[in-house]
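S.K.: Top to bottom, those sequences are chains Y and P.
In terms of this note's numbering, the first sequence opens at residue 1 and continues consecutively.
In terms of this note's numbering, the second sequence opens at residue 1 and continues consecutively.
Any given hint could turn out to be false.
No copy is singled out in the list; a pair is fine if it fits within one copy or between any two copies.
[Unchecked claim] Lysine-lysine pairs mimicking DSSO-like chemistry, simulated, CA-CA at most 30 Å apart:
#: 1; residue 1: Lys166; residue 2: Lys37
#: 2; residue 1: Lys91; residue 2: Lys66
#: 3; residue 1: Lys162; residue 2: Lys77
#: 4; residue 1: Lys163; residue 2: Lys51
#: 5; residue 1: Lys29; residue 2: Lys67
#: 6; residue 1: Lys163; residue 2: Lys118
#: 7; residue 1: Lys67; residue 2: Lys91
#: 8; residue 1: Lys163; residue 2: Lys66
#: 9; residue 1: Lys37; residue 2: Lys169
#: 10; residue 1: Lys162; residue 2: Lys51
#: 11; residue 1: Lys67; residue 2: Lys28
#: 12; residue 1: Lys66; residue 2: Lys126
#: 13; residue 1: Lys29; residue 2: Lys66
#: 14; residue 1: Lys28; residue 2: Lys158
#: 15; residue 1: Lys85; residue 2: Lys128
#: 16; residue 1: Lys91; residue 2: Lys28
Think of the hints as simulated: they come from the structure by calculation, not from any bench.
Because the structure is a prediction, the values reported are computed rather than measured.
Each chain is listed here by its residues.
Protein chains: 2
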Amino acid sequence: MVLIFTGNGKGKTTAAIGLCIRALGWQKKVCMIQFLKSPDFKSGEIDLLKKMGVELYQTGIGFSWKKTPQQQIESIKYAWELCRKVLLCEKYDIIILDEIINIFCMRTISVANFLNEKDLIAVLQKVKNTTDVVLTGRNASQILIDYADLVTDMKEIKHYYKKGIKAKKGLEY
Amino acid sequence: MVLIFTGNGKGKTTAAIGLCIRALGWQKKVCMIQFLKSPDFKSGEIDLLKKMGVELYQTGIGFSWKKTPQQQIESIKYAWELCRKVLLCEKYDIIILDEIINIFCMRTISVANFLNEKDLIAVLQKVKNTTDVVLTGRNASQILIDYADLVTDMKEIKHYYKKGIKAKKGLEY
């Protein structure tokens with residue numbers, strides 16, 4: 001099945017991490033590929049998830065405004081190639097493609113030349129039917145929503161960012 | 001700070017579990033009190049979270065329709081007393097009160113006689129200011145939303161339940 005956590009509110013990646021734990025509790029095999037986030041980005045859960053057996057890849061190249069469009073494109077091409085392999089390898093019970101949905105609406109670079117939602121769906125259709133795939137990211141398009149089995153829109157009602165409070169260790173990262 | 005995950009969609013408890021992991025990754029002390037869910041309810045994450053150091057209490061008494069209203073009331077009173085102690089003990093960095101919001105809108109029993117949102121807020125106001133508290137459950141009322149620092153409404157756009165697919169091990173439990 002395909003699950004989508006979308007929307008502008010806090011909880012998308014966090015819920016995906018929660019699903020990792022739930023699945024690990026049943027001895028399931030879990031793989032998470034993070035788009036955009038780079039290994040330089042130290043978030044509390046990363047080492048712990050790896051230690052518990054999640055196969056985890058952070059494919060991003062760090063702060064995108066410091067990188068050329070070509071560098072960003074190469075990193076997304078690399079991540080997508082990795083996704084294809086992971087989705088089709090039949091090794092995992094749950095595969096999480098964190099922030100992949102953000103890729104389809106990036107404004108600084110044009111991803112559509114080499115990857116769009118239809119390409120993703122074409123690969124999802126070939127995934128072993130006992131494997132569940134979780135996609136996260138803002139602004140899921142209707143084509144993805146139509147294809148998915150479960151979609152939650154995580155809507156920001158209020159956020160302490162707006163009071164000037166910065167991202168907090170243990171909550172945002 | 002106080003964070004609320006509300007709404008009718010999948011992701012509320014799952015995101016709370018994700019926050020546990022993120023916080024544990026920074027060696028923070030985490031306590032989770034689950035309302036309604038009983039120790040009979042075997043969910044994948046429970047043993048794993050305990051093993052990783054989360055202090056976790058499942059205070060529910062199982063399927064409520066098999067219990068008398070008095071039994072339900074007693075279990076909620078017990079859970080609330082535990083919450084008060086945990087919130088005020090100054091031992092934890094993150095406290096998760098899972099499904100507490102559901103308590104305030106139960107139709108089968110009248111909780112309002114001994115517990116309402118104002119009682120909860122009165123205790124939250126006394127919590128040490130470096131402790132973050134996460135409340136989950138459907139239908140958060142305006143009084144709770146106004147008090148919280150962050151609120152995400154997790155809205156169901158679609159769910160495979162509606163296609164007749166049952167709750168799935170590793171995803172729902």
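S.K.: Of all the hints given earlier, name the ones this structure violates by number, lowest first.
M.R.: Of the numbered hints, 2, 3, 4, 5, 7, 10, 11, 12 and 13 do not hold.
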